[in-house]
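S.K.: With the hints as a guide, bring the two chains together.
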Amino acid sequence: MTAAPLQIRGLSIGYPSDHGRIQAVRDIDLDVAAGEFLGIVGESGSGKTQLLLAVLGLSAPRAELRGSIRYRGQELLGLDSAALNQVRGNRISMVFQDPMTALNPYLRIGRQITEVVRVHRRSTWRDAERRALDMLESVHIPEGPRRLRQYPHELSGGMRQRVMIAMALIAEPEILLADEPSTALDVTVQAQILKLFQELRARTGTAIVLVTHDLGVIAEVADRVAVMYAGRIMEQAPVHELFAHPRHPYTEALQQSIPRIDAPRPLHLASIGGVPPNPAALPAGCAFAPRCIYRLPICDAVAPPLIQSSPGHWKACHHDGPLGRLRGEAA
Amino acid sequence: MPPQSAALLAVRELSVTYRVAYRGGHTLLRAVNGVSFELARGETLGLVGESGSGKSTIARALLRLVPAESGVAMFHGSNLLELTGSRLQAMRRHLQLIFQDPLASLDPRMNIGDILGEPLRVFEPQLSGEQRRQRVLAMTRAVGLGAEHLHRFAHEFSGGQAQRIGIARALIIEPELIVCDEPLSALDVSIKSQISNLLKDLQRQLQLSLLFISHDLAAVRFSCDRVLVLYLGRVMEIAGCDALFSAGRHPYTRALIRAAPIPDPVAARARRSAPLEGEIPSPLFAPSGCVFRTRCPMAIDRCAREIPLLRQVGDSQVACHRAEEVGDGL
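Residue numbers (my numbering), protein chains in the order written: chain P, 43 to 373; chain H, 8 to 337.
Here are some chain H residues the structure puts well away from chain P; computed CB gaps all over 10 Å: (1) E45; (2) S77; (3) D108; (4) Q138; (5) Q141; (6) A306; (7) E331; (8) E332.
Rough simulated footprint, nothing fancy, chain P against chain H, three-plus residues with beta-carbon under 8 Å: (9) 191-199; (10) 213-226; (11) 266-276; (12) 283-296.
If you want the ones that stay clear, here's a sample from chain P, every Cβ over 10 Å from chain H, calculated: (13) A46; (14) Y57; (15) A125; (16) P325.
For the record, the hints were derived by calculation from the structure and aren't laboratory data. Ideal Cβ positions, reconstructed from N, Cα and C, are used throughout, including at glycine.
Bound-form chain H, shown alone (with noise of 0.2 Å):
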C-alpha cells in the first residue's frame, strides 16, 4: 500500500442529503454520512455496499454531478467540493469517469474518432490536427482496438468495445484520478475478464488513481488494493484487500462476503452459516446508533445508543463496538 503522506484525493466528513418527496410535502434523505478516506496516488479503492449504500452518491458528490451538504474533499491542493466556474472546469482534466453502461455513455451521432477527440479539443485546444489524430490512435490502440474503428459510431460495437472506448474517452486527457462507477455489471462473463484485466493493466501503466464502484466483491477483490465498505451512508470499515477479505472485522463485511457467490461448488456447500437476514432499511427510517444493527447477528443494546466510530483494529479501521469480538477466519 502506497503511504498516506502521498494522498491525492483527501475526502473529510462528506455529508450529502437529497431533498426527496414525502408525504405530500418533502423531506431530507442523508445519503451519505461523515465518509472520510484517502486514495493514494497510484492506488484503487474500492467502494462496496448495497444499493442504497452511498457509494454512487459519494462518486457524483466528488464529480460536482450532486452538490455536497458539507465536507472538504483536497485534490490538487484545492477543495474539489468548492471549486467553480473556470476552476472547475480546468480540475475536470484531472477527474474523469467510466460509466456502468458504455452504449448509453457515447453519443450515438459521432463517430468513435470524434468522441475520442472531443476532450482533447477542450482541453488541449493547442493541438494541431495531425497531433490530436495521433493521440486518438495511440488511445485506441492502448485499449485493444484499430484504427478502422476511428470511423464507426457507437451502435456498431458490442458492449466489451464499446467500454474499451469508454476508457479511452476517460484516459485521453491523462487524468490522475478515475472513478469507475460499476464498469464491468454491464457486461457479460466472457467480456467482463478482458475489461477487468485491462483497466488494471492501464491503471499500472499509468499510475492512475480509480475509485472502483461496484456491488461485485469477487472484482472488487480482483482489482483493488484497499477497499471502503459502506452502508446507509456510512463508512463500516476500511482496509487493505487482503485484510479485509480474509479478516475482515466488521460484521457486515463479513456477511457480504459470505453472501458472495463462490463458482465451485465443494467451497460453496462448505460454508453453511446463514445469510444475513432483511434487507438495508431506506435512509430516511436510519436506525439510531449503528446503523447496521437491525441486521446485526452481534448487536447489543450499546449498538443502539453509540454511533461506533471508526478505529483501528488489527489491520482494519472498522467502525463496530464489537469488532474485537469478530473472529479471524470466515
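Bound conformation, chain P alone (with noise of 0.2 Å):
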C-alpha cells in the first residue's frame, strides 16, 4: 500500500482566551489516502472546523499548533503563505459551508473563478475563461456563459455551492476538504450536492475529507468515518462497520438518538444526558466520561488512548466489553 498522501501526527491545537487556554484540537492522528472519502462527524466545539483549517494554514493568528501535518512528505506546518499556496487551492482545496460569505459579492462568477485559473496555471484570460466553463458544466450549471457574467446574489444557495466547488477543483487538487458543505442547503438540494461529490470523486479520484454534524450525511457517502468529541478523535472505521458495530459508547449514544425517517417511531429517543464540556476545562480524562453509561473509575483519571481493536478499527475507550445498553423506548 502507498503512503497516504496527508498525514496528521500529534495534532494539537489551542487559543489563549480570557477563560483560560481553550483546546480545540488535541493529539489527532490521521491519514488521508489517495481517492478516499473520508467522514468526520462532530458536534460543535469537537473541533472538526479547527482541524480543516489547520491544514490549510488557516488558523487564526494566536492559534497555536502542535504536532506534524504532512503532504506528501512536505511538513505544512509552520509554511510561510507563499510556500503554502503551492499546495492550498492547488493541491489541496476547500469548500466552505456558507457560500455566499466566501463569493465575493462585488465580482461576477466569471472573474471569481477565472482568478483561481491564473493563480494556479499560467493561462490566458481567454484559456480561463474556457476552462471556468468547463468546471461550470461538470458541476452541472447551465447556461454557463450567461452564469458567469452573474454576480453571486443572482444565483440560488445551490449554485452558489456548486460555483465554489467548481472553484475548489479547478486546479484538480489531490484532496478536497468540504466544511458542512451541504448544512445551509434544503434537503432536496443537499442530495444533490452530496451526488455530485460522489460523481466527482468518482471521475477526478480526488480524496474527500467531507466534515459534517449530520451522521445521515456520512451514512450517505462516506468510505471510512472518524467520530470527534471535545478535541479528539474518540472512533474512527470503515463506515458499514462503524455503523454496524460501533466501539465507542459516544459513537452509539450519536447513532442511537437520530429519529429515522424509515424506521416507525419509538415513543423515547436513546439521550445521552448532559452536554458537552468546556473546552476551556476539560476532564483529567476521556472527556466523554461524565455523560458516558459505560463509566470506569479510570475513565476519570486517564484519558484512553486511539488504538486499533481491530484492522482499520480504531477507539479510544476503557470499556473493553460489548455496547447496547443504550436504547430508545419503543412505542
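M.R.: Put into C-alpha cells, the structure is as follows:
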C-alpha cells in the first residue's frame, strides 16, 4: 500500500482566552488516503472545523499549533504563505459551509473562477474562461456563459455551492476538504450536492474529506469515518463497520439518538444526558466520561489512547465489553 | 388521530402576501396561498417544506406577526385573524411560541426566574409573589432544570438549557396551542434527542396542541401525529404521519422523503433513485397550474393548465392530478 498523501500526527490546537486556554484539537493522528471519501463527524466545538483549517494554514493568528501535518512528505505546519500557496487551492482545496460569505459579492462569477485558474496555472484570460466554462458544466450548472456574467446574489444557494465546488476543483487538487458543505441547503439540494461529490470523486479520483454534524450525511457518502468529541478522535472505522459495530459509547449514543425517517417512531429517543464539556476546562480523563453510561473508575483519571481494536477500526475507550445498553423506548 | 370535530384551530383559505421591492418599484409576493387545515386538541401537526414553502409565514400569520391577506382561522370561537386590542391580548395566553434560536429569544438582562415570572405577571396578575414563585419553580422542574438556575442569566446556559427555558416560558401560562418554529434546528445532535423527548412528554401530559414547523423530516416523524407538506405557499399533501412516510401520495412528498439522509449506510445506499432536480423557484415567478410541476418527474400538460385541488386518495389528502399513479412503496 502506498503512503497516504496527507498525514496528520499528534496535532494539537490551542487558543488563549479570557477563561483560560481553550484546547480545540488534542493530539490527533489522521491519514487521508488517495481517492478516499473520509467523513469526520462531530458536534459544535468538537474541533472538526479547526482541524480542516489547520491543514490549509488558516488557523487564527493567535492559535498555537503543535504536531505535524505532512502533505506528500512536506511539513505544512510553520510554512510561510508563499510556500503554502503552492499546496492550498492547488493540491488541497476547500469548500466552506456558507457559499454566500465565501464568494466576493462585488465580482461576477466568471471573474472569480478565472482568477483561481490564473493563480494556479499560467494561462490567458481566454483560456481561463474556457476552463471556467468546462468546470461549470462538470458541476452541472446550465447556461455557463450567462452564469459567468452573473453576481453571487443572482444565483440560488445550491448554484452558489456548485460554483464553490467548481472553484475548489479547478486546479485538479488531490484532496478536497469540505466543511458542512450542504448544511445550509434544503434537503433536496443537499442530496444533489452529495451526489455531485460522489460523481466528481469517481471521475477525478480526488480524495474528499467531508466534515459534518450529520451522521445521515456520513452514511450516505463516506468510505471511512472519524468521530470527534471535545477535540479528539473517539473512533475511526470503515463506514459499514462503524455503523454496524460501533465500539465507542459516544458513537453509539449519536447513532441511537437520531430519529429515523425509515422506521416506525419510538416512544422516546435514546438520549445522552448532560452537555459537551467546556473546552477551557476539559476533564483530566476521557472527555466523554461524565456523560457515559459505561464509565469506569479509570475513565476520570486517564484519557484513553486511540488504539486499533481490529484491522482498520480504532477506538479511544477503556470499556472493553460489548455496547448495546443504550436504546430508545418502543412505542 | 383525534376526531375532526374536536378541532381547536380551523384554518380556511389562508393567504399571506408580502410587498417586496422589485425592479425599482414594488410587487406583491404571495407567500401562502389558500391554505386550509385543522388542528385537533392534543394533536401535533407538522408543517414541512423547503425554505420558501411558506411554513414559517403560516405561523407568523396565526400569531399575528404579519397580516393575512385573506382567510379565517377559528380558535376559541373567534377568528384569530380579526382580533384586535384587548381581545387579541387575551387570546395570546392560549397561543404561545417556541423559537428556533433559544439564546436569542431570552432577554440577556433578566434572570431566568424573572423571564419565567413575566408571563404570569401579565396574564395572571392576581397571583401573589409566593404563588408566582411556586409556579415558576414547578415549571422549571418540569423542563428538567432546578431552583439553582433561577438566578442565572441567559448567557450562562448552553443551547439545550436555553431551549428548556424557552419551552418553560411558553408553557407557564398553560396555553392550549404552541407554535414551535424549528425548535430543534439550532441544537447539537446529542441535545436534540433530549429536547425532542421533553417536548413529546409535555405535549402528552398537558394534552397540548402543537404546530411543529421543521425542515427535518425525521424529527417530524418522531414528533407529529399528522403532517402538512407545503410547496411555494400551497398545500401539496396532508396525511397521518405513518401513512405519509410509508405511502405518501404526492411526488413532492416522495422526493422530500427520498432526499432525507438515513443514518445507516446499508439502508441509505440501497436507495438508488436520483435526487429531485432544480430548486424551489421564487414565489414571484410561481409556475401556472401545479406549482411543483417544473421539478416534478411526473408532470404532464394538464399540470400546467389546471391547479390540482386537494382531494382524498388512499389515506392522504393530496393535490396532484396523478396521485393514483404514485405507487405504494418508496
